[in-house]
Structures are given as C-alpha cells and as structure tokens.
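Colleague: Given the sequences, and given the hints that come with them, work out the whole structure.
Residue numbers (the working numbering), protein chains in the order written: chain A, 1 to 434; chain B, 1 to 211.
It cannot be assumed that every hint is accurate.
[Said to hold, decoys possible] Pulled from the structure, derived: some chain B residues nowhere near chain A, Cβ distances all over 12 Å: (1) Arg96; (2) Gln106; (3) Arg206.
[Stated by the list, open to error] From the structure, some residues in chain B lie toward chain A, with a derived Cβ separation under 8 Å: (4) Glu49; (5) His76; (6) Thr77; (7) Glu128; (8) Cys133; (9) Met166; (10) Asp167; (11) Thr177.
[What the hints assert, rightly or not] Which stretches of chain B does chain A cover? Using the computed rule of at least three CB atoms under 8 Å from a CB of chain A, they are: (12) 16-27; (13) 33-45.
Derived by calculation from the structure, the hints in this document are not laboratory data. Ideal Cβ placement from N, Cα and C applies to all residues, glycine included.
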Amino acid sequence: MAITQAPRIVTSRLGFEDSHTLARYLSTGGYDGLRKALSMTPEAVASEVDAVSLLGRGGAGFPAGRKWSMLRKAATTYLVVNGDESEPATFKDHLLIERDPHQLIEGVVIAAYAIQASLVFVYIRGEFALGLERVQSALNDAYESGAVGPDIFGSGFSVDIVVHPGAGAYICGEETALLESLEGKRGFPRIKPPYFPAAIGLYGEPTVVNNVETLSNLPWVMVNGSAAYRALGAGRSTGTRLFALAGHVRNPGVYEVEMVKTTFRDLIFAPVLGGGIPGGRALKAIIPGGVSAPWFGPEHLDLPLGQDEVGDAGSMLGSGSVVVMDDTTCSVRAAWRVTRFFWRESCGQCTPCREGSGWLEKTLWRIETGAGRESDVDLLMDVCDNLSPGLNWPPQQTTICVLGPSIPSSVASAVRMFRDEFLVHVKDGACPHG
Amino acid sequence: LSPSPNEGRLSENVVARARALLELYPHPRSALIPICHLAQEQDGWLTPEAVEEIAALVGIEAAEVLGTVSFYEMLHTSPVGRYVVAVCTNIACLLRGAYELLDHAQRRLGVHAGATTADGAFTLEESECIADCGRAPCLHVNYRFFGDVTADDFDRLIEDLRAGRMDDEVPPHGTLTRVQRPFGLRVDPQTVRAEREAMAVAISSRASGAR
Chain A
1 MAITQAPRIV
11 TSRLGFEDSH
21 TLARYLSTGG
31 YDGLRKALSM
41 TPEAVASEVD
51 AVSLLGRGGA
61 GFPAGRKWSM
71 LRKAATTYLV
81 VNGDESEPAT
91 FKDHLLIERD
101 PHQLIEGVVI
111 AAYAIQASLV
121 FVYIRGEFAL
131 GLERVQSALN
141 DAYESGAVGP
151 DIFGSGFSVD
161 IVVHPGAGAY
171 ICGEETALLE
181 SLEGKRGFPR
191 IKPPYFPAAI
201 GLYGEPTVVN
211 NVETLSNLPW
221 VMVNGSAAYR
231 ALGAGRSTGT
241 RLFALAGHVR
251 NPGVYEVEMV
261 KTTFRDLIFA
271 PVLGGGIPGG
281 RALKAIIPGG
291 VSAPWFGPEH
301 LDLPLGQDEV
311 GDAGSMLGSG
321 SVVVMDDTTC
331 SVRAAWRVTR
341 FFWRESCGQC
351 TPCREGSGWL
361 EKTLWRIETG
371 AGRESDVDLL
381 MDVCDNLSPG
391 LNWPPQQTTI
401 CVLGPSIPSS
411 VASAVRMFRD
421 EFLVHVKDGA
431 CPHG
Chain B
1 LSPSPNEGRL
11 SENVVARARA
21 LLELYPHPRS
31 ALIPICHLAQ
41 EQDGWLTPEA
51 VEEIAALVGI
61 EAAEVLGTVS
71 FYEMLHTSPV
81 GRYVVAVCTN
91 IACLLRGAYE
101 LLDHAQRRLG
111 VHAGATTADG
121 AFTLEESECI
131 ADCGRAPCLH
141 VNYRFFGDVT
151 ADDFDRLIED
161 LRAGRMDDEV
171 PPHGTLTRVQ
181 RPFGLRVDPQ
191 TVRAEREAMA
201 VAISSRASGA
211 R
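Modeller: Laid out in structure tokens, this is it:
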C-alpha cells in the first residue's frame, strides 16, 4: 500500500524534543503565517481560510471559514478555543497542546484577526496539567516577543489571550456547554436555536468556537496559501488530518495523513502507520471517529478517510479517532463500556439521554455478566430507538445536544453486527470471552 | 489526613492569585472554576470555608459555587488522598488490559475504586478516557500521566510516590499548572476601539483607491 507523501502541516516539529519552545518555533518558520496574515485585510484572511474548506477537526466537521462568516455583527466578538478533548480514544489535540503550543497560539491570533476579536479564551481540558503548563508558558513567551498583546508586530492589531482550565466533564467539549462552563456554570448545553454561538455565544455576544487542530492548520495555510492546501485531499475533505489510532494495533499513536488519499486499511496496516494487528489475529470491528460513531466491519477497510466518504457509508470521521478491535474482543463488553461512559457523562437535562443511557448500561451489563434474557436484545434496540427514532445516520435528535443520539451508535452497531454473540451470552449465562 | 494549615481558609497568596484571575474575565463568575483549582492547590479539596470565601470573591452565593462544583469530576467537596490515582478503563485501555490493571491496583492499595487508603496517601479512581490512548493502559496521578503501565510498573510507582521520590514530577493533589501568568490583560478596550476604526478607514480607502 502506498502512503502519500503529503507535507506535515500540523506535526512538522514533533520530531524535536524542544518542539514546545519559542526558540524552536522561531527557528522553524514560527509566526511567519501571522506576519503574512497581518499584512492582509481581515476579510482576505477569512476568505483564504474559507477557500481551503477547512472542515472543523473537533467532531462536527463544520467548515471553519463558514463558521466565521456566520458571526452576527456586533461591537464585541469572542474567539474561544476548544481544547477540551474528551471523546474516548481521541488524543490528537492533547499532542498538539503539549508539543506545539506556539503553533496553536499563532493559529489563534490569525483567527482572532480574521474575525476581529480582541479577547480569546483557550479552554483546555483540566486533566491536561502538562498541556496547561506548556500553553501558559508559550503564551507568556509569545506576549514577551510581541506575537500576542498590544499592537502585534507593529500591525495595529491587538489581542489578549487567556488560558482557561476545565474541571473534568466530557460534555464541555460540546461548544455551548463549553461556553456555559467558561461562564462559571454547570456544563449544560444550550438549546439551538436560538443559542448558536455565532449569534448568542459567550456572555450573549457573537462567538466563534474553534478546535485546537483546526486552528493549528492556519499558520501553514497562511504561509503556503489556500491552493497548496486544497491540492491535498479531495472534495470537501482537503488537507491532512490527524488520526488517533488505538486498540489492537502494533503501533498505536497519532498519525497525520492526507485526507481521502488514505484508507482505513492504510492507517491500520501500513508498516509506517498502525503496523497491523498483533499476534496474527483478525480484525473484528473498528470504531471510526470516536465512540459517538457507528462501528464498521472489515468490509469497510478500503473506505477513504474523507468526511463525506465515511458519512455516506453510515458513520463519521468525527473526532479523528480510530479504535481497532480484533477477534478476541467481546462486542457486548465493548458496547457496555462505551455506554457506561455516556451514562456517567450525560449532563442530565434531557430525559431520553439521562434515563436511556442508564437503561442501556444496566441491560448490557446483565447480558455481559450472564444474567441477560433473550428479550434484552430487542429491549436494547427499543431503548436506542427511543433515543434516536429510526436509528438512521445521521441520527435523529430527541435531546438538546448530540450526546443523546450518540449513545445508540455503539449499542445498535454491536447488536446489528454481532447479534449471535449477545444470544450466546444469554444462552450460556456467561461471557464466552471469560 | 493532615488538617489544613489555615483551617480551611484560603491563604493570602491564594486570595491574591484569585484576585488576579478575576481581572482576566469580563464577568467575575468566569473565574470560578480556575479559583476552585487554586483552592484545591492549597488543600487538595474544597473545604466549606474555602467555598464561602470563593463565593464572596466571585460575588455569588455559596450554593451557586456548589451548584457548579458538583458538576465537575476534578472538583472535590470532601477530602481526597495526597495522590489521586486514576486508572482509565475506557475503550482503548479496556482493549489493552485496563480492568486487569484496575484489579491489581485495588489489591495493591487495598481499597476499591472511589475510596481512599486509611493513611490518606492514595485515592483510587476508575477514570474515563484521559486522551493518552497511544500508551494504553494508562493512568494519571494528580493529572501527571503514565502510559503502558504493567502491574510491576504500578507497584514501583506506588513505592516511589510513597517514598517521596517523585515529588518533582507529581505535586500533591490540586496543583494543576505550575506556570503562572505574570501579568493581567494588556489590551486596553479603548485602544481596540481606535484600532478597529482605523482598520475600517484603511479598508474603505483601499477599496476606493482600487476603484
């Protein structure tokens, strides 16, 4: 299999031990993209980003340029950075935050300039202690070197950036919950409409919320131009993307690959990437795009890693995570653990999510531990259908945010793909995997 | 558990840092969670006295502080051990032996997940994904991450922590970031207004010049 020789757009410095320092950043082209952006008008910067079709890398895949263009005109506009990476098996923003904080800061200032924000909050998952230290340290250096603060590089553009720690809640990765959290409240998602951040965001002002990886692409886009970026990938899925590969592979880790030109098979099996499944075991299933995504079987391995390609096949690239499960994996146990996560992390506002997650978790656990009934398998699908009527993809929503309709993804996938395995648990009164 | 040196009250240093945090936000309540982290840096958890003081600093009721605090996994309203050891068991770790590691941790520490050892040294938690899945199974101790953890690694880690050999790497529970922001906001709102106006003028003159 051939892995395309695409440039490293967001991971170019990670080979250096000191990739997080200002000295290394400046010696590798750091802040050149910002200088270029500041020589253009904000509108020109925004249209350059709009032209590259930079699909948001947080999970929803909404184009960054379009997000910016939807801002309500107002005297105050906020930019908020979503660094609350918490989708299970997703660990690529964590890497960028710890290993290349200046790249993030540069992307932040470029975006702030484009939307003319003067105050930015970088919301970083509270558990990322080293990440918080690295970003604060980089930010202090960036202020001292004139890349952040008043009159940046003598351009007449000023912006303040504040690093804000979260405190442990998955739902705060949802952008309106993140804004509530940033306002010092419980992380309850807001109902949309009317609370689209671009219209009514932080403190009621128009706000853009962009993901860490999304913003980390901007310095490269500014230096190399939108045409170079668009030349990579295909269709709407341009550029490269980080994939966090985990589970039953030889080389779990974060890989930057060209979108669409790379397949799941490449990612999992190429010797320079995942390196295949250890122990000569066979692939059972993969979870593409975070645990909110429906599962794929081996028949999907040759699917290109593109947003629409994966969407059309009934799942999503989502948060850029790929979990590999080999044939020793118990599908009931895997679905149970994912469901337990959603049950723990449901904010509790909406009944289908709060109650449905608990019902599913309890039912899956009793099947897994041998106390299940044959009717439980249909019960699972019935509860899933209550959470997301029709169980289609993209899912129908019965709740304020998308956490609710994400819950059936694993459960319905496991039942549809491995129904016999559920029935064996019930018949034997035990998990066949021990 | 050792009593707090200030009997739960926030030290002058913490109060000063909290006031500096309040200056960073247009609305004081936004500083609530960062200030809670500061209070935990002092005591490892949020004492009732600290909650009252935080409420006064932020300008809200103590009940509102608790309303926010109770939502978040990292904020504690009862004492925790000097070291909170959190073993991830979510999907990526589960596939690579996380539950076996958690079982071992429970036996080694003699407590179930969710409990604190009798000497107050360790609180064991079963954690959700901590985004270190490339090194599964993984855990964190006071949010310092350890990957590819075997049972032997775990035992060594506990011994090292107990013996104080990791004090540099793993500060006591509550210390999130040891890098401070040494200054407040630097951009004056009036300057911003002037800049934006100048920018608008420049753009319109460029546009008319091009015509």
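Colleague: Please go over all the hints and tell whether each is borne out by the structure.
Modeller: Right, here's what the structure says about each hint:
no.	hint	in the structure
1	Arg96	violated (7 Å)
2	Gln106	holds (18 Å)
3	Arg206	violated (7 Å)
4	Glu49	violated (20 Å)
5	His76	violated (10 Å)
6	Thr77	violated (13 Å)
7	Glu128	holds (6 Å)
8	Cys133	holds (4 Å)
9	Met166	violated (14 Å)
10	Asp167	violated (15 Å)
11	Thr177	holds (4 Å)
12	16-27	holds (count 4)
13	33-45	holds (count 4)
In terms of the numbered hints stated before, the structure departs from hints 1, 3, 4, 5, 6, 9 and 10, listed from lowest to highest.
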